[in-house]
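Asks: Build out the structure end to end from the sequences listed, making use of the hints.
Quick mapping for you: the protein sequence lines, in order, are chains A, B and C. The first sequence maps to residues 1 to 109 in the numbering used here. The second sequence maps to residues 110 to 274 in the numbering used here. The third sequence maps to residues 275 to 656 in the numbering used here.
It is possible that part of the hints are untrue.
Covered by chain B, according to a simulated footprint, are these stretches of chain C (three or more residues, beta-carbon under 8 Å) [to be verified]:
{"#": "1", "stretch": "388-396"}
{"#": "2", "stretch": "424-434"}
{"#": "3", "stretch": "639-645"}
Sample of chain B residues at the chain C side, in silico, Cβ under 10 Å [said to hold, decoys possible]:
{"#": "4", "residue": "Leu117"}
{"#": "5", "residue": "Ala167"}
{"#": "6", "residue": "Leu171"}
{"#": "7", "residue": "Gly175"}
By construction, these hints were calculated from the structure, which means they are not laboratory data. A virtual CB, placed ideally from N, CA and C, is assigned to each residue, including glycine.
Here is how the chains run, residue by residue.
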Amino acid sequence: MTTAAGTLVPLGAFIALSAALFFIGMAGVLVRRNAVVILMSVELMLNAANLAFVAFSRRLGLLDERGSVFVIFVFVVAAAEVAVGLAIVLALYRNRPTVDVDEMREMKG
Amino acid sequence: MLDILEPLLFALLALSILGAGLGVVLANRITTSALLMAFTFLNMAGMFVLLGAETIAAFQVLIYVGAITVLILYGIMFTPQAPRSYGLFFQQQTPAGAAIAALVALPVMGIAFAFHDAGPVGPRGGDLPRLATSVFTDFAFPFEIASVLLLAAMIGAIVLVKREP
Amino acid sequence: MEAGPFGIDPLVWAGLRLFIALALAIGLVMNGALLLIYLERKIQAVMQDRIGPYHVGPFGLLQTFADALKLIAKEDLRAEKTDAAFFIAAPALVFTPMLASFVVLPFAPSIVGADLNIGLLYLATLGSMGVLGIVIAGWASNNKYALMGGLRSAAQLISYEVPGILSLVTAVLVVGSLSMVKITESQPGPLVNVLIIPFAFVTYFISALAETNRTPFDLPEAESELVAGYLTEYSGMRWGTMLALTEYGNVTVVCGIMTTLWFGGWNGPGVDAFPILGVLWFTLKTYAFILIFMWVRATLPRLRIDQLMGFCWKVLIPLTLLNLAVTATLLMAFPNDQLPVAIANWILVAALVVGLPMLQQRRLRRIRERLRTRTLGPATAA
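Replies: Next comes the structure, spelled out in structure tokens:
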């Protein structure tokens with residue numbers, strides 16, 4: 001059961017998977033207390049975006065590799081962001097030994 | 110006979126990705142979350158291979174599993190928390206957050222299924238020369254900015270965790 | 275997919291090939307480790323003016339068999355508070371990437387597991403996956419020392435990946451392809467790459483020593499350091515897998531990479547007529563490098579963790595970056611000529627060989643001066 005373009009797995013399936021993973025990651029950011037788990041969920045979101053980029057880049061029929069090139073830059077930004085994010089979490093942990101985001105409300109109100 | 114292989118692999122990888130993703134958000138212990146995240150990354154690399162972008166798959170494993178997972182594990186080891194009950198893992202805004210995520214997810218996935226691929230699919234395994242040419246000619250400026258970004262992130266991370274002697 | 279011999283179904287043939295490749299890889303790794311453990315002990319013994327194992331079998335050849343049997347027969351110990359799943363999974367996580375690396379090593383013109391056009395990138399990727407298993411092993415042991423040892427070892431491994439991959443990139447610049455088969459084919463006859471890019475070879479050799487946890491960088495596994503690092507809680511065949519099999523497998527892979535990139539891989543007299551001879555040449559060259567690794571182990575003392583990290587970040591990485599910049603510039607300036615690159619590289623090697631001892635002499639002299647003036651001071655005051 002091939003699609004119109006002769007591929008076996010339709011593009012919509014990849015994009016739907018990317019969307020599902022993105023919203024799982026988003027739920028993780030909104031729901032979990034541990035700051036490191038929030039960083040992990042952000043990585044999931046970035047992965048989902050990467051999947052969408054690569055799927056569109058390979059499958060829209062334009063033979064355009066710019067989507068894949070952008071994925072390389074997303075890798076770079078994700079790595080930089082995890083490094084700095086963890087540095088911030090560690091610095092916070094030094095002030096009081098918690099990484100619980102519900103307890104970090106010094107600036108609230 | 111061979112036609113069933115690709116959809117089967119896709120289904121397997123997709124289920125693993127979604128299962129591991131849910132595991133990251135809902136796991137009992139944080140190290141389980143970290144390892145399930147690494148598992149997600151590996152399956153994602155498999156997805157990239159399925160799409161025919163093998164160089165990107167290799168980079169995915171090299172950067173995400175090889176470096177970012179180790180970084181997150183270091184972060185977990187250096188911030189040990191007292192064990193607490195499972196209910197206290199979730200923020201005060203959990204019901205609202207989960208509801209919003211679910212409510213927005215469903216229409217977006219519905220729209221996502223409507224995309225159709227068209228035209229010629231690129232050749233498998235041929236993406237490295239085109240990628241390299243693109244990055245170093247058309248996108249040379251973003252490439253240089255990305256290196257500056259990495260340098261800034263390195264310096265920033267070192268400065269943030271430096272202890273006063 | 276093509277149909278197999280005797281007209282087997284293509285899918286069945288693909289599966290069968292996979293199974294055969296897996297069996298060959300495991301056989302190669304296990305037997306290689308067996309042979310290498312014995313070789314290591316004998317060579318170290320010869321260099322230390324003793325005999326080594328001679329009791330079990332002729333010339334002690336069956337010693338490793340006996341050791342393996344002993345390890346398998348040991349009690350499967352696991353401390354109570356260790357995390358069962360991760361503790362048991364860690365050796366597999368360390369072993370599997372190493373096993374998967376054998377698939378791209380080119381043994382002979384048509385004997386290569388899979389001629390990936392990103393073969394070298396694949397090898398670098400698998401090298402970086404091994405770090406994860408070590409961190410998990412250290413954490414799952416529920417032991418302060420194991421955790422610290424695991425984190426230290428992971429830090430060493432990820433630090434030395436950088437100069438290693440940069441050296442590989444320099445070599446790839448000269449060759450023009452990441453495919454291991456094409457790299458071997460680009461060095462016909464005696465004009466092997468080591469004559470063109472020797473400095474990249476030197477830096478890769480040093481990074482490979484560190485990546486495979488060999489002396490002088492074997493802090494994580496040395497018996498006198500930090501109990502035993504991340505291996506503290508592992509005994510019996512788990513220890514055997516994590517330490518012996520993985521390390522010797524890694525050493526074989528890394529020496530295979532060095533042979534392919536810098537010494538012509540399967541090339542040698544007689545390969546054009548009988549392609550199967552390529553296996554002989556590849557194996558001989560790889561084992562020559564493994565013997566050099568063992569020679570280095572028997573000779574050099576161990577570096578401390580801070581010396582090790584300082585050497586990587588302050589010496590090796592600037593040198594490899596310099597080499598990369600110089601090679602890339604010269605290749606752009608003289609597009610079809612490899613002579614300028616060769617000249618620049620040999621100048622760098624000469625500078626390293628002559629300059630490093632000179633710098634060390636100067637530092638030693640300064641330290642001695644400081645020591646001399648310091649001890650004289652309080653003594654004369656009293």
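Asks: Now tell me if each hint is right for this structure.
Replies: Evaluation of the provided hints:
no., hint, result
1, 388-396, "holds (count 5)"
2, 424-434, "holds (count 3)"
3, 639-645, "violated (count 0)"
4, Leu117, "violated, 12 Å"
5, Ala167, "holds, 5 Å"
6, Leu171, "holds, 4 Å"
7, Gly175, "holds, 3 Å"
Hint check: violations occur at hints 3, 4; the rest are consistent with the structure.
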